[in-house]
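Colleague: Residue-level listing of the chains:
There are 2 protein chains.
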Amino acid sequence: MLVRNLWLDVAPTQVLTLIAPPEEGGLPPGAPMPGYASSQVLESRIPRFSRGDIIYASSGWEDYSVIDGKGYWDATKVSPGVSPNLAVGALGITGMVAYFGVTEVAKPRPGETFVVSAAAGGVGSVAAQVAKVLGLRVIGIAGGKEKCEWLLTEAGVDGAIDHRGGNVASRLDELCPKGIDIFFDNVGGAVLDLALERLRPHGRIVLCGTTARYRQTTSAPGPLNYWQLIMVNGRMEGLLGRDYFDRFPEAIAALKGWLDSGQIKAKEDVVVGLENAPAALGRLLSGENLGKQLVKIADPSP
Amino acid sequence: MLVRNLWLDVAPTQVLTLIAPPEEGGLPPGAPMPGYASSQVLESRIPRFSRGDIIYASSGWEDYSVIDGKGYWDATKVSPGVSPNLAVGALGITGMVAYFGVTEVAKPRPGETFVVSAAAGGVGSVAAQVAKVLGLRVIGIAGGKEKCEWLLTEAGVDGAIDHRGGNVASRLDELCPKGIDIFFDNVGGAVLDLALERLRPHGRIVLCGTTARYRQTTSAPGPLNYWQLIMVNGRMEGLLGRDYFDRFPEAIAALKGWLDSGQIKAKEDVVVGLENAPAALGRLLSGENLGKQLVKIADPSP
Chain R
1 MLVRNLWLDV APTQVLTLIA PPEEGGLPPG APMPGYASSQ VLESRIPRFS RGDIIYASSG
61 WEDYSVIDGK GYWDATKVSP GVSPNLAVGA LGITGMVAYF GVTEVAKPRP GETFVVSAAA
121 GGVGSVAAQV AKVLGLRVIG IAGGKEKCEW LLTEAGVDGA IDHRGGNVAS RLDELCPKGI
181 DIFFDNVGGA VLDLALERLR PHGRIVLCGT TARYRQTTSA PGPLNYWQLI MVNGRMEGLL
241 GRDYFDRFPE AIAALKGWLD SGQIKAKEDV VVGLENAPAA LGRLLSGENL GKQLVKIADP
301 SP
Chain Z
1 MLVRNLWLDV APTQVLTLIA PPEEGGLPPG APMPGYASSQ VLESRIPRFS RGDIIYASSG
61 WEDYSVIDGK GYWDATKVSP GVSPNLAVGA LGITGMVAYF GVTEVAKPRP GETFVVSAAA
121 GGVGSVAAQV AKVLGLRVIG IAGGKEKCEW LLTEAGVDGA IDHRGGNVAS RLDELCPKGI
181 DIFFDNVGGA VLDLALERLR PHGRIVLCGT TARYRQTTSA PGPLNYWQLI MVNGRMEGLL
241 GRDYFDRFPE AIAALKGWLD SGQIKAKEDV VVGLENAPAA LGRLLSGENL GKQLVKIADP
301 SP
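Chains R and Z, in that order, are what the protein sequence lines are. With the first letter of the first sequence counted as 1, position 192 gets the number 192 in this note's numbering; the numbers rise by one all the way through. With the first letter of the second sequence counted as 1, position 71 gets the number 71 in this note's numbering; the numbers rise by one all the way through.
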């Protein structure tokens, strides 16, 4: 297919493509940066897609791409009524990971205490709100006052911890006096250890990302307190969205319903212009983004 | 109850009682070492026990103890036909942990590759054999030729790795060319990282013990490769036997059936005499024991 790329899905894991040597799957010099995008089909030799379709697919940081519809998961048509920005954000891989991480990996029970790191980021902001919809007590950890303010006033979480503004350990103790039932971790590093230390019996840790180590060239240490999993019969489980590919329609329907009713909000941090895509990735890595980091390239043709 | 202690259940975690300061649950100077034992009741004010009963209970390193039948789990009567040594070994906490770790935490499917560390120890030797009975391909990691020989000839595992005798990483690659489905970990440390690196999609790590860190006064590093759990949608789960207390009769019946039919063997490393209990604990820590480490104090009175 020849496609016009509309919105780029910028994700922290993309930095790994830049760091890894080509022989380990890294990007060879001169190649376009790969990534998911919502795109409009201009020409298609793939039977299930036709000219004019809006699709969500593995594409690249280009105005136009020639793609085969394959990738980490296959290209899908964006459902009618879903805007191309939502398709790469709250209703894209980001939203799928948040939805299945909370519902299937964490397996929450109403009233439990749910803590999420990078809570104002793409996955975190959806996970925090899904957890609220499901009746959990939600504490978000984020960097900076603006993010914490957004979490409290817009996302409606029960508590926010600014990891730049103070002692995360003592704030966790204050906000989770009985400990943590579920920790949804996008970051790793020191905060994961603090959560392990406070994990309640049968507590669960959803491993979604480890941004704390993406930029480290030397090996980052593992979680010192992992043995707490024995003490509390706890579970730490990794989450890759592709496991749930067949169930994406279910998750999209649920999330779209909550978005339409205003129960959850799709927070987006939009950078305009393909030439600004590297800066958008930089925003993610420095933690400047509030909500899902997107790059807008173009509007679809009618 | 006043009881005569018969057999002591010596477990690596007991060393933690010696290391911890009294304010953190450590043993105060002069106090008797606590521990599980099979004992004979001499006098009882607890209605469910009577003089002559053989029980399995939290007791201590003493000839005689006065106990209340409470503890990490409550005192139980040893079933008729179960010898007082089996009651503290393959049919005691050790056996329960092995049984439920394999059946309930690992949730194995026949044909999967199951690797166990400290495979010739108390829990490991039972776990390895239960896994074999359930149709798994079992690789045991143990220290020394004698243990590996026992694993191959007596326990009937499919492969043994002597961690004192060579490169564990390359031996794992040889014996698990497709990776590891289940790692039953009694040790932690470097071997846990090797297993994480080789974990297959939807692989499971049963965390049973972390003997590698029991004697370390400085904090031992956590598993560097924990993030592999994300890459393979893996699960690492802690195991405490007490969760399954209500189901001990089921496990005892299953294990006793396999012991009686010869499908599994209760390997015991017996030190005779209460005065040798400290040496027995020392054997565990230096890895000299082959099988469950026990101390025999006395035979029951008829």
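Don't read these hints as lab results, they were simulated from the structure. Note that CB positions come from ideal geometry on N, CA and C, so glycine has one too. It is possible that some hints are incorrect.
[Stated by the list, open to error] Restraint-style ranges between C-beta atoms, simulated for each label pair:
1) Gly-144/Z <-> Pro-21/R: 52 to 58 Å
2) Thr-17/R <-> Ser-286/Z: 44 to 50 Å
3) Thr-17/R <-> Asn-167/Z: 29 to 35 Å
4) Gly-25/R <-> Asn-167/Z: 50 to 56 Å
5) Ser-170/R <-> Pro-201/Z: 26 to 32 Å
6) Glu-104/R <-> Glu-197/Z: 24 to 30 Å
7) Gly-156/R <-> Asn-167/Z: 34 to 40 Å
8) Asp-246/Z <-> Ala-220/R: 37 to 43 Å
9) Thr-17/R <-> Arg-164/Z: 36 to 42 Å
10) Gly-135/Z <-> Pro-201/R: 17 to 23 Å
11) Met-231/Z <-> Leu-152/R: 29 to 35 Å
12) Pro-21/R <-> Ala-254/Z: 49 to 55 Å
13) Glu-197/Z <-> Arg-48/R: 34 to 40 Å
[To be verified] From the derived model, a few chain R residues whose C-beta atoms are all more than 12 Å from chain Z:
14) His-202
15) Val-206
16) Asn-225
17) Glu-237
18) Arg-242
19) Asp-243
Colleague: Does the structure break any of the earlier hints, and which numbers would those be?
Modeller: Failing hints, ascending: 1, 4, 5, 7, 10, 14, 15, 16, 17, 18, 19.
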